[in-house]
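**Q** Listed below, chain by chain, are the residues.
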Amino acid sequence: MSGQSKKKPFKIEAYKHRVEVDPKYADRTWAVIEHAINEIYNHNASGLSFEELYRNAYNMVLYKFGERQYNGLVSTVTRHLRDMGKAIESAQGSFLDELNRKWSDHTKSMQMIRDVLMYMDRTYIPTNHKTPVYELGLNLWRDHIIHSAKIQTRLVDMLLEQIHRERMGEVINRGLMRSVTKMLTELGSSVYQEVFEKSFLDVSASFYSGESQQYIEVYNCSNYLRMAEKRINEEVERVSHYLDSKTEPKITAVVEKELVETHMHRLVHMENSGLIPMLVSNMYEDLNCMYNLFKRVPSGLNLIKDVMASHLKETGKQLVTDPDRLKDPVDFIQRLLDMREKYNEIITKSFHNDKAFQNALNASFEYFININNRSPEFISLFVDDALRKGVKGASDDDVDQVLDRVLVLFRYLQEKDVFEKYYKQHLAKRLLSAKSVSEEAERGMILKLKTECGYQFTSKLEGMFNDIKTSQDTMLGFYNSPYGNDMADMPAITVQILTTGSWPTQNINTCILPAEIVIVCEKFKAYYLGTHNGRRLTWQTNMGHADLKATFGKGQKHELNVSTYQMCVLMLFNSADRLTYREIEQATDIPGPDLKRCLQSLACVRGKNVLRKEPMSRDISEDDAFLFNDKFTSKLVKVKIGTVVAQKETEPEKMETRQRVEEDRKPQIEAAIVRVMKSRRVLDHNSIVTEVTNQLQARFLPNPVVIKKRIESLIEREFLERDKADRRLYRYMA
Amino acid sequence: MRRSSNRKSSSASAAAGSGSTKAASKEFEKIDHLFNVYADKSSAIIDPEGIEQLCSSLEVDYTDVRILMLAWKMKAQKQGFFTLEEWRTGLKALRADSMSKLKKALPELVKEVSRPTDFLDFYSYAFRYCLTEDKQKCIDIESACQLLSLVLGTQFGPQVEKFTEYLKSQSEYKVMNMDQWMGFYRFCNEIPFPSLENYDSDLAWPLILDNFVEWFRENQN
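Top line first, the protein sequences correspond to chains A and B. With the UniProt record's numbering applied, the first sequence corresponds to residues 1 to 734, in that order. With the UniProt record's numbering applied, the second sequence corresponds to residues 1 to 221, in that order.
Calculated directly from the structure, the hints in this document are not laboratory data. Given the structure is predicted, the values throughout are model-derived calculations rather than measurements. Where is the CB? At the ideal position from N, CA and C, for every residue including glycine. Heads up, some of the hints might be wrong.
[What the hints assert, rightly or not] With a straight-line cut-off of 30 Å between C-alpha atoms, the simulated DSS-like cross-links for lysine-lysine are: (1) B:K41 <-> A:K724; (2) B:K111 <-> A:K709; (3) B:K137 <-> A:K666; (4) A:K317 <-> A:K355; (5) A:K708 <-> B:K174; (6) A:K424 <-> A:K450; (7) A:K708 <-> B:K135.
[Claimed, not checked] Label pairs and their calculated CB-CB ranges: (8) B:E172 <-> A:D623: 56 to 62 Å; (9) B:R115 <-> A:K709: 31 to 37 Å; (10) B:R115 <-> A:R660: 38 to 44 Å; (11) B:D121 <-> A:K317: 26 to 32 Å; (12) A:P593 <-> B:K174: 31 to 37 Å.
[Stated by the list, open to error] Far from chain A, by Cβ distances over 12 Å, these chain B residues were calculated: (13) W72; (14) K103; (15) R115; (16) F119; (17) Y129; (18) C145; (19) L152; (20) G157; (21) V160; (22) L167; (23) N177; (24) M178; (25) M182.
Given the sequences, and given the hints that come with them, work out the whole structure.
**A** Printed below as a string of structure tokens:
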């Protein structure tokens, strides 16, 4: 072997381990696995050895036959799926059932197959960016079963049909539904949405659209609302039982839109059963139902709120402009209070105390209460009535509650200064005639007003109370003093001294008092001015009252409780039996209108006619004559003769009060203007108007024209000037 | 020259009765002479009668606006009277020391007054000139109307006509004050008439103008 032959270089070769170079190895091994797959699909897995299969699959990958194995897997599974597909397609009654069962089989099979091919799943597949085994199984199912034209349509139709049946009241197999939808979800959320959910939502929309059209014609509002509520709840329940949870908001949105949003306006405005009748009849539950439903749709609540508000405004406006209502102020306010209570209840019970609704309620009240410019006066009269008579059958706390509610109405007033004027007048009358039911209630009311409006508002009112108290002390002092000591034969006098600034301004009318009275008055005056130097007393003869002992024809004695004016008139009859109007006028010097009212109450009122009039007409004319009525009788020993006077103001009095209020406002406006300009120095017209309005709105709403006038007056008096450079500005002159 | 005149002035002042230098009194000699033609002999002031004469010399009606302009030039304080000081001021400014020169100066004066800045001054002067009493701040509506026509009639005829018509028809305002007077002039300048398109009553226009605009708009329909 040796010789001159070439020597081969020594080569080191790579280790080529090809244990088995058997080309049929891959085929054989794959056949085993393929067979196993078939058996698995034929429910014959029990006879297989997991260990052997795993090893084979492992080897396939090891010997670089991974691709062969993978492709083989795809085609085998596909083959089986085709068969399954045919079976499903030909299913008669139980399509969904068949589908579900096949799915179950497939998934179980895939699990087993994955376990067998685990090694490939972990090595070959990631390296070569192939779809993992189980997922591959799902995708194949999706592509060959679900997306198969025949199956997909039928599948969706079946699902929807079942749902429709259930909506119409039938019982269906929810478990099956659940399995099917779960299958779709597992195949991927886009599969679920594309294949099922979209159609589901569309079909539902047209279903509910149809239903709503039908019911809206037939049902009244409450019934419709309850139906809608029921349907929504149903859908929520449906989703929880057999649909994917992500569908819930979508389906509820559909139902809300079709049942509620589309017919929102029609429901609210439905005659005899819509929102307004519900409000009127306090149908708390139905209102609550409506609120809950409408909350779900955009601007649903706004619709309810706006309709409620405009209804309130309408009703309120009617109430405050109804001439009949205006005849009884106390009733008027009571109705307003009742109305407010009613809507408060509704908002609490049915509208979850929604703040927006509260605000709408307040805004509406503020709107119509200020339409009637007598509201401030009426509120004061209501309080006056309550404090005079007490609230029927109420305890202190109840009275307090009533006053609190009245205060709510007070807050709505734009012209609070008008209220103040009237309250003062009425309080004065109450204090002077000692007509308050409870001083505590009076003080309580003032405290409430003080908390609401500040000290300035109530300081004068408190001054009035103080005057009454002080007067009581003064009277004690008087009777204990030398002035008042020896008054045995004289009429007993009680004086109330009023500080001019605190009490409502009265025109000073003095009349001629009877002689006996004058003596007593002078005594008191002397006493008072003796202890209070530098003060001036003026007798207010238009207030005050007197008790007279009268003896009539048959000797009957009565005690008459009369006003000061009436006393002056009656005392004249001590020295004359008959007097003409003119004689009385001259003797007493009582102003005309007061005198007429006074005489009317003494001569023309049944049961109180201590005087007789010639002629017997109802009205007093200046040619009348009056006689002492001998024949006067009364069951009561003490007879109270009130003056014929209206509690409400007469027209001229009203004008006067309003004028005084306007006059009072001028200095307040000017003070506000000066305050604003002092701090801002230079300002344009609109800003001044805004700032001044802000400052004053707690008391009243100033008229911009009046503000302008006041500014011009201040310019004339050189408190302000126009800016020389920019004539739109005003400048404060220090 | 000055020194000598100074010395002379100390003796001359008592004689002249005013504190001016001899040179100055020479300057004013002709002016003073003219003054004395119209002045009242006892009061040494030109009174209404004197003014009337002056007017006829000037060939100008005494209600003519040019007399008012003359008064303005003189910075005359009291309506109907010209003092010597005022006379001197006015005529010196006009460079007139004789009647003929004065007559010639009048058209110049009118032109001068129509210049915007001067006119404003003249306009407010016209109002103050009418305040005859010491503490008086307003003039009655009747006089105000006349004054408006006189002073603004040529420049803003239509506005003046309508405004005076309004003033005469209403009864809320019985007098007009300086602020309203000046406001009207601003109104004529800034607001197109008769459209009144950019008038905004929310701005700082005097209330009387707000009411005028409202009245005008109502009466247009």
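**Q** Does the Cβ-Cβ separation between R115 of chain B and K709 of chain A fall within 31 to 37 Å?
**A** 35 Å, holds
**Q** For a C-alpha distance cap of 30 Å, please report whether K708 of chain A and K135 of chain B respect it.
**A** Satisfied, since the Cα-Cα distance of roughly 24 Å is no more than 30 Å.
**Q** For W72 of chain B, is the shortest CB-to-CB distance to chain A above 12 Å, so the non-interface label stands?
**A** Since the minimum Cβ distance to chain A is about 20 Å, W72 of chain B lies beyond 12 Å and the statement holds.
**Q** Closest CB-CB distance from K103 of chain B to chain A, is it above 12 Å?
**A** 37 Å, holds
**Q** When you check the alpha-carbon spacing of K137 of chain B and K666 of chain A, does it fall within 30 Å?
**A** At roughly 22 Å apart (the allowed maximum being 30 Å), K666 of chain A and K137 of chain B satisfy the hint.
**Q** The hint says 31 to 37 Å between P593 of chain A and K174 of chain B; measuring C-beta to C-beta, is that right?
**A** Distance hint for P593 of chain A, K174 of chain B holds at roughly 33 Å.
**Q** Is the Cβ of L152 of chain B farther than 12 Å from every Cβ of chain A?
**A** L152 of chain B clear of chain A: closest Cβ-Cβ about 18 Å, beyond 12 Å.
**Q** Should the label of G157 of chain B as a non-interface residue stand, given a Cβ cut-off of 12 Å to chain A?
**A** 24 Å, holds
**Q** Compute the least Cβ-Cβ separation between M178 of chain B and chain A, then decide whether it is above 12 Å.
**A** The assertion about M178 of chain B is violated, with a minimum of 8 Å to chain A.
**Q** At 12 Å, judged by beta carbons, does Y129 of chain B keep clear of chain A as stated?
**A** Given a closest Cβ separation of 19 Å, the condition holds.
**Q** Given the hint that K708 of chain A pairs with K174 of chain B, test it: the Cα-Cα distance must not exceed 30 Å.
**A** Holds, at roughly 18 Å.
**Q** May I ask you to test the hint 26 to 32 Å on the CB atoms belonging to D121 of chain B and K317 of chain A?
**A** 57 Å, violated
Violated hints, listed in ascending order, are 1, 2, 8, 10, 11, 23, 24, 25; each of the other numbered hints is respected by the structure.
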